[in-house]
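Once you've looked at the hints, dock chain B against the given chain A.
Here are the chains, one letter per residue:
2 protein chains.
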Amino acid sequence: MTAEEYLQLHQKISPYIHRTPVLTSQLINKSVGCSIYFKCENFQKMGAFKMRGASNAILNLSEEQKSKGVVTHSSGNFAQALSLAAKNQGVKAYIVMPSSAPEVKIEAVKGYGGEVIICPPTLKDREEAAEKVIQTTGATFIHPSNNDDVIYGQGTAAIELLEDHPELDAIVTPVGGGGLLAGTALAASLFAPDCEVYAGEPENVDDAYRSLISGQIESNDSTDTIADGLKTQLGDRNFPIIQKHVKGIMLVSEKEIIDALKLIWTRMKIVVEPSSAVALAAVIRNRKMFIGKKVGIIISGGNVDLAKMPFDYHIL
Amino acid sequence: MTAEEYLQLHQKISPYIHRTPVLTSQLINKSVGCSIYFKCENFQKMGAFKMRGASNAILNLSEEQKSKGVVTHSSGNFAQALSLAAKNQGVKAYIVMPSSAPEVKIEAVKGYGGEVIICPPTLKDREEAAEKVIQTTGATFIHPSNNDDVIYGQGTAAIELLEDHPELDAIVTPVGGGGLLAGTALAASLFAPDCEVYAGEPENVDDAYRSLISGQIESNDSTDTIADGLKTQLGDRNFPIIQKHVKGIMLVSEKEIIDALKLIWTRMKIVVEPSSAVALAAVIRNRKMFIGKKVGIIISGGNVDLAKMPFDYHIL
Numbered sequence: 001m002t003a004e005e006y007l008q009l010h011q012k013i014s015p016y017i018h019r020t021p022v023l024t025s026q027l028i029n030k031s032v033g034c035s036i037y038f039k040c041e042n043f044q045k046m047g048a049f050k051m052r053g054a055s056n057a058i059l060n061l062s063e064e065q066k067s068k069g070v071v072t073h074s075s076g077n078f079a080q081a082l083s084l085a086a087k088n089q090g091v092k093a094y095i096v097m098p099s100s101a102p103e104v105k106i107e108a109v110k111g112y113g114g115e116v117i118i119c120p121p122t123l124k125d126r127e128e129a130a131e132k133v134i135q136t137t138g139a140t141f142i143h144p145s146n147n148d149d150v151i152y153g154q155g156t157a158a159i160e161l162l163e164d165h166p167e168l169d170a171i172v173t174p175v176g177g178g179g180l181l182a183g184t185a186l187a188a189s190l191f192a193p194d195c196e197v198y199a200g201e202p203e204n205v206d207d208a209y210r211s212l213i214s215g216q217i218e219s220n221d222s223t224d225t226i227a228d229g230l231k232t233q234l235g236d237r238n239f240p241i242i243q244k245h246v247k248g249i250m251l252v253s254e255k256e257i258i259d260a261l262k263l264i265w266t267r268m269k270i271v272v273e274p275s276s277a278v279a280l281a282a283v284i285r286n287r288k289m290f291i292g293k294k295v296g297i298i299i300s301g302g303n304v305d306l307a308k309m310p311f312d313y314h315i316l
Numbered sequence: 001m002t003a004e005e006y007l008q009l010h011q012k013i014s015p016y017i018h019r020t021p022v023l024t025s026q027l028i029n030k031s032v033g034c035s036i037y038f039k040c041e042n043f044q045k046m047g048a049f050k051m052r053g054a055s056n057a058i059l060n061l062s063e064e065q066k067s068k069g070v071v072t073h074s075s076g077n078f079a080q081a082l083s084l085a086a087k088n089q090g091v092k093a094y095i096v097m098p099s100s101a102p103e104v105k106i107e108a109v110k111g112y113g114g115e116v117i118i119c120p121p122t123l124k125d126r127e128e129a130a131e132k133v134i135q136t137t138g139a140t141f142i143h144p145s146n147n148d149d150v151i152y153g154q155g156t157a158a159i160e161l162l163e164d165h166p167e168l169d170a171i172v173t174p175v176g177g178g179g180l181l182a183g184t185a186l187a188a189s190l191f192a193p194d195c196e197v198y199a200g201e202p203e204n205v206d207d208a209y210r211s212l213i214s215g216q217i218e219s220n221d222s223t224d225t226i227a228d229g230l231k232t233q234l235g236d237r238n239f240p241i242i243q244k245h246v247k248g249i250m251l252v253s254e255k256e257i258i259d260a261l262k263l264i265w266t267r268m269k270i271v272v273e274p275s276s277a278v279a280l281a282a283v284i285r286n287r288k289m290f291i292g293k294k295v296g297i298i299i300s301g302g303n304v305d306l307a308k309m310p311f312d313y314h315i316l
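Residue numbers (the numbering used here), protein chains in the order written: chain A, 1 to 316; chain B, 1 to 316.
For reference, chain A alone in the conformation it holds in the complex (with noise of 0.2 Å):
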């Protein structure tokens, strides 16, 4: 991928996503210290990031392909990305979620035109359910991560950012899957190869963090975090861009998530998911690393069951 062939793939992509604004906060940078400019994907459609990738992915399908659908397993953001990326391009999606999926998810999905298959909720049944989806129907699969379309099409919200900001010192991402990591630091390393990537990642599941450490894929044995987005693993498509481009994982305990999730809420008054708050709170507990610096963060969605904010205690 060069440069100018991912500009063509950023303009290709731009009647079926918004441009979406970048925010600052006066009395976050003053008591961080460091200038943080936030790309707020939380204001894409659907409300989050994961928009671009499904959408990239279906613009790169033959017509064939196209007329046969697509299939994905998600009970998260992809999971509505691709029935309205399908939709808005008149594709087919199905999607495999499991029974233990909020009905509010669920409905959200059929919403957004996607056809709901349910399946018991382990790996082993949610893959045999999309197989199966993908042998009737010769529906095309496509990973919520470890696709390169997919990768592409996320990073592009790193190439809007550094068009705004070409001064960036820095970006921040969350990682969970990899797919948002992986393409911010792909489009960073062609559009502003002094601009260093970093993610931010519970420490509740430090499966990137390990796996950049032991050189391999590593798996999560619990995934006890309010980051809900992020309980996924990296795969081969994205881990490899990771190892080459990123230029470290933080790890932040669930007590900094939920303090920078509360300084978003409060302060810039937009309504993030937690997920989003890994990589404020990532800068804050590293803050001597980013002083004086410009930074920015990818915002990845504000798709929230407000009744579930763990906002149990007063603040302004």
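FYI, nobody ran anything at the bench for these hints, they're computed from the structure. Virtual Cβ for every residue (Gly too), placed ideally from N, Cα, C. Keep in mind that a hint or two might mislead.
[Claimed, not checked] To give a feel for the contact side, a few chain B residues facing chain A, derived at Cβ under 10 Å: (1) L23; (2) N42; (3) K45; (4) G47; (5) K262; (6) W265; (7) R267; (8) V271; (9) N303; (10) D305; (11) A307; (12) K308.
[Claimed, not checked] Using 27 Å as the maximum straight-line C-alpha spacing, the simulated DSSO-like pairs for lysine-lysine come out as follows: (13) A:K110 x B:K110; (14) A:K105 x B:K30; (15) B:K30 x A:K92; (16) A:K30 x B:K87; (17) A:K87 x A:K105; (18) A:K262 x B:K92; (19) B:K30 x A:K262; (20) B:K255 x A:K308; (21) B:K255 x A:K105; (22) A:K30 x B:K92; (23) A:K255 x B:K132; (24) B:K132 x B:K110; (25) A:K110 x B:K132.
Chain B only, in chain A's frame:
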């Protein structure tokens, strides 16, 4: 006040306020049946439109008055706004607050540099405490809503909204003390005489609605509403402007306010206070009046106690 004078006033306070963005939501427009332009004063300095009126009131003091400081009684956004606006212009602010005010609000005022005077929680005690500050210090009393300079300042949000969207058919604001509504109506009468101005008001504190019917300033027997910024009543400076320039006041139920609040948080991904949702609730309740029209809504602010938000059941 001529249009030219009003533009000069706006220019004078511009260094002290943010020009806030105007956001839209395709989903909300589709579901309500009109095009709504949200003027996002939740992104204003200190988180509410009150910063405009407070800044203008202090700008219009003489040098002698400035040297002696300003005083107000408020436990809401105006207490913080006057503190910050005073600090920004090198003026001392005395804020009389009832002993019943939450600790976080008192701390917020102090954080913005205001000197807090605690008094018993009755109107009489509040007025006596403010009077004592005036006697002792020579400070100038600035009423949160019933003061010409405050009213003019609040109207600058509508000036900006109409500059961005001169084609608006209507503007809707919440109404509490009447400063925002009067300022908005005045601005619209000067800059967009065909644009109708309305207010939304909670049924439970319908004093402004009744005032327009009776022709005199009415008060509330109860103040039982989630829209805690709207419990106050109109004053003799803003009521005549409202009588002359406001097309109507639309009442909404507490449930309608909460539903509109959730719609804004979950679909627009912005944090707004319950008072802000009253205007959208009014448009939704009276949607037949606005079909196909272009409607501006002033989002009054975003200072909320997250733990007190009514998100007690699960929504996506």
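Checked hints:
Checking B:L23 against chain A: minimum C-beta separation of about 8 Å stays under 10 Å; hint holds. Of the supplied interface hints, the one on B:N42 holds, with its beta-carbon coming within about 4 Å of a beta-carbon of chain A, less than 10 Å. The closest approach between the C-beta of B:K45 and any C-beta of chain A is roughly 9 Å, which is under the 10 Å cut-off, so the hint is satisfied. Below 10 Å, beta-carbon pairs count as interface contacts, and B:G47 has one with chain A at about 7 Å; its hint therefore holds.
Interface hint status for B:K262: upheld, as the beta-carbon distance to the closest one in chain A is roughly 7 Å, under 10 Å. Here the hint on B:W265 is kept, as its CB sits about 5 Å from the closest CB of chain A, short of 10 Å. For B:R267, the interface hint holds, since its Cβ comes within 10 Å of a Cβ in chain A; the closest pair sits about 9 Å apart. The beta carbon of B:V271 comes within 4 Å of a beta carbon in chain A, closer than 10 Å, and the hint placing it at the interface holds.
The beta carbon of B:N303 comes within 7 Å of a beta carbon in chain A, closer than 10 Å, and the hint placing it at the interface holds. About 5 Å separates the beta-carbon of B:D305 from the nearest beta-carbon of chain A, less than 10 Å, and the hint is met. The criterion of a C-beta within 10 Å of any C-beta in chain A is met by B:A307, whose closest approach is roughly 5 Å, and the hint holds. A cut of 10 Å between beta carbons decides the hint on B:K308: the least distance to chain A is about 7 Å, and the hint holds.
Proximity of A:K110 to B:K110 is assessed by CA-CA distance (about 49 Å); at most 27 Å being required, the pair is judged violated. Simply put, A:K105 and B:K30 have alpha-carbon atoms about 21 Å apart, close enough for the 27 Å limit, and the pair holds. For the suggested pair B:K30 and A:K92, the alpha carbons sit about 23 Å apart, so the restraint of at most 27 Å is met. A distance of roughly 17 Å separates the Cα atoms of A:K30 and B:K87; the hinted pair therefore holds under the 27 Å criterion.
Restraint check: the Cα-Cα separation between A:K87 and A:K105 comes to about 17 Å, which is no more than 27 Å; the hinted pair holds. Between A:K262 and B:K92 the alpha-carbon distance is near 30 Å, which puts this suggested pair outside the 27 Å criterion. Restraint check for B:K30 and A:K262: not satisfied, since their Cα atoms lie roughly 31 Å apart, outside the 27 Å limit. The suggested pairing of B:K255 with A:K308 holds, with an alpha-carbon distance near 20 Å, which does not exceed 27 Å.
Our distance criterion of 27 Å between C-alpha atoms is met by B:K255 and A:K105, whose separation comes to about 24 Å. Under the criterion of a C-alpha separation no larger than 27 Å, the hint pairing A:K30 with B:K92 is consistent with the structure, at around 23 Å. Between the alpha carbons of A:K255 and B:K132 the distance comes to roughly 45 Å, so the proposed pair goes past 27 Å and is violated. Between B:K132 and B:K110 the CA atoms are separated by roughly 20 Å; this keeps the pair inside 27 Å, and the hint holds.
Taking the CA atoms of A:K110 and B:K132, the gap is near 63 Å; set against the 27 Å cutoff, the hint is violated.
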